[in-house]
Amino acid sequence: MSKPDRNAQGDIIGYHGITRETTERKRLEEQVRQLAFHDPLTHLANRRLMLEHLDQAMSASKRSHRHGALLFLDLDNFKPLNDAHGHGVGDLLLIEVGERLKTCVREADTVARFGGDEFVVLLCELATQHDEATAQAAAVAEKVRTRLAEPYVLQAAPSAPAIGHQCTASIGVAVFHGRDESQNAVIDRADAAMYQAKEDGRNRIRFAPGSAEAG
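Take any residue in the sequence shown, count from 1 to its spot, add 23: that is its number in the numbering used here.
It is worth saying that the hints were derived from the structure and are not from the lab. Check each hint, because a few of them may be wrong.
What the hints assert, rightly or not - Below are the DSS-like pairs computed for lysine-lysine, each with C-alpha atoms no more than 25 Å apart in a straight line:
| id | residue 1 | residue 2 |
| --- | --- | --- |
| 1 | Lys102 | Lys221 |
| 2 | Lys125 | Lys102 |
| 3 | Lys221 | Lys125 |
| 4 | Lys166 | Lys125 |
| 5 | Lys166 | Lys221 |
| 6 | Lys102 | Lys166 |
Quantities reported herein were computed from a predicted structural model and do not represent experimental measurements.
Kindly generate the complete structure, drawing on both the sequences and the hints.
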């Protein structure tokens, strides 16, 4: 309960306790938002927040005439690690993948864990020309592919043995231009391109056909 603060004349100049209550309320609200919009393991954006950001990016693209791109990633060698060493070690890999992905993008971009060993990267404010935007997306995708292919050393605790692991990613890319295309259509194109990368031998980047071109 807050109590009034008075000056020398006895006038009420404020209440003490309110600031603490407000700070606590804001902290709780932030915790709720964190749980609602972020993956609890990696602390990356979750599917819900990614869809929100994709909607905003597509609307912005329509206004600015700049392209955006969605990278859909699936880890190529995740299940054997889980099977051999358990989910705890697998979780360490997912966390490290998330950290590496964040180093490959700009602050304005979004990295999300879609579930399991699937991740999505949203690139915003690319070039107005389709070919240039595609080249920009390709450069980021290659940076991601190379970074994720570097060796991993996973250790659950200081006393636990370090586990070396090699893991690559298959990456599908869909370039969009904010036209009459739904969020799901963009995601489906990127997802289909990712499966094509898998079929072509893994550790590859494939672009989705039908990427909208600026007219």
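To see whether the hints hold, each was checked on the structure:
For the hint pairing Lys102 with Lys221, the CA-to-CA distance comes to about 15 Å; that is within 25 Å, so the pair holds. In summary, the hint linking Lys125 to Lys102 is supported, as the alpha carbons are separated by about 23 Å, within the 25 Å threshold. Our distance criterion of 25 Å between C-alpha atoms is met by Lys221 and Lys125, whose separation comes to about 23 Å. A threshold of 25 Å between alpha carbons decides the hint, and for Lys166 with Lys125 the separation of about 11 Å falls inside it, so the pair holds.
This hinted pair checks out: Lys166 and Lys221 have alpha carbons roughly 18 Å apart, not beyond 25 Å. Between Lys102 and Lys166 the CA atoms are separated by roughly 24 Å; this keeps the pair inside 25 Å, and the hint holds.
This entry satisfies every hint, going by the numbered hints stated previously.
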